[in-house]
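Starting from the given sequences, assemble the full structure and let the hints guide the process.
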Amino acid sequence: MPARLVPRWARWVAAVVGVLLVAVMAFAIFEPIQVLPRMQLAPGFALTDQNGAILTSEDTRGSVTLYTFAWAGCGDECAEINRTMAAVRERVADEVDLGDTEFRLVTVSFGADEVPALAEAAEASGADGDIWRWAVADPALAKTVIGAGFGAFYETRSDGTFRFDPTFVLVDGWGVIRGDYRYATLAGTDDRVVRHVDVLAQELRNSSGVASLAYEAAHLFLCYP
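Those letters in the sequence shown? Residues 1 to 225, by the working numbering.
Rather than coming from a laboratory, the hints here were simulated on the basis of the structure. Treat the hints with caution; some may be incorrect.
[To be verified] Using C-beta positions, here's what the derived DEER-type ranges look like:
#1 S212 with R157: 42 to 52 Å
#2 R61 with A87: 23 to 33 Å
#3 I131 with S208: 20 to 30 Å
#4 D159 with T101: 40 to 50 Å
#5 E77 with L220: 38 to 48 Å
#6 G73 with S208: 40 to 50 Å
By construction, the Cβ of each residue, glycine as well, lies at the ideal position given by its N, Cα and C atoms.
Spelled out as structure tokens, the structure:
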């Protein structure tokens with residue numbers, strides 16, 4: 001029985017696939033890459049910011065955004081959170097090349113704060129209302145957005161203050177959570193966040209063409225920092 005001839009187009013397809021696979025393997029070997037995990041979708045929300053304007057999850061699309069959670073009356077208890085946010089803002093601007101992608105920061109209040117109190121807390125923390133904004137969630141939806149959506153724990157004490165776990169959440173421009181930070185380690189939180197923003201920035205800059213296959217392979221094989 002004569003051997004079946006393989007169509008020319010099939011040979012071309014096999015050759016192209018082979019070249020791509022070799023290119024991906026070479027890229028992964030000679031230019032080792034890391035990626036941040038795609039953890040889950042961030043929640044949708046509509047918040048009121050320190051200027052009384054509405055801030056929605058759609059407003060952050062296309063930007064890399066760092067979220068944290070506090071309330072206007074937090075005072076010294078939130079000093080380290082504010083310090084971390086300010087440090088990340090300055091260091092990302094100085095140390096990370098995000099290209100045309102904007103970096104934003106949002107402090108979400110779970111305290112049902114009025115706008116004047118929110119504005120005062122924002123000013124005290126150094127939030128400028130542009131790159132870094134304070135915003136308050138509707139009390140009826142706060143637990144859903146902050147607790148279930150972002151996974152940040154808080155509860156109301158009998159005196160009206162709050163017990164909470166300091167939490168930071170990094171979200172990419174597609175609305176996917178790429179990192180959360182809630183436990184102290186030897187590296188400061190700002191160090192970890194800035195390093196991870198840089199990893200994400202490299203993915204945003206480089207994951208096109210053949211390199212996109214290498215980045216998808218890095219996700220597949222859990223090449224996380």
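**Violated hints, by number in ascending order, as checked against the structure** = none
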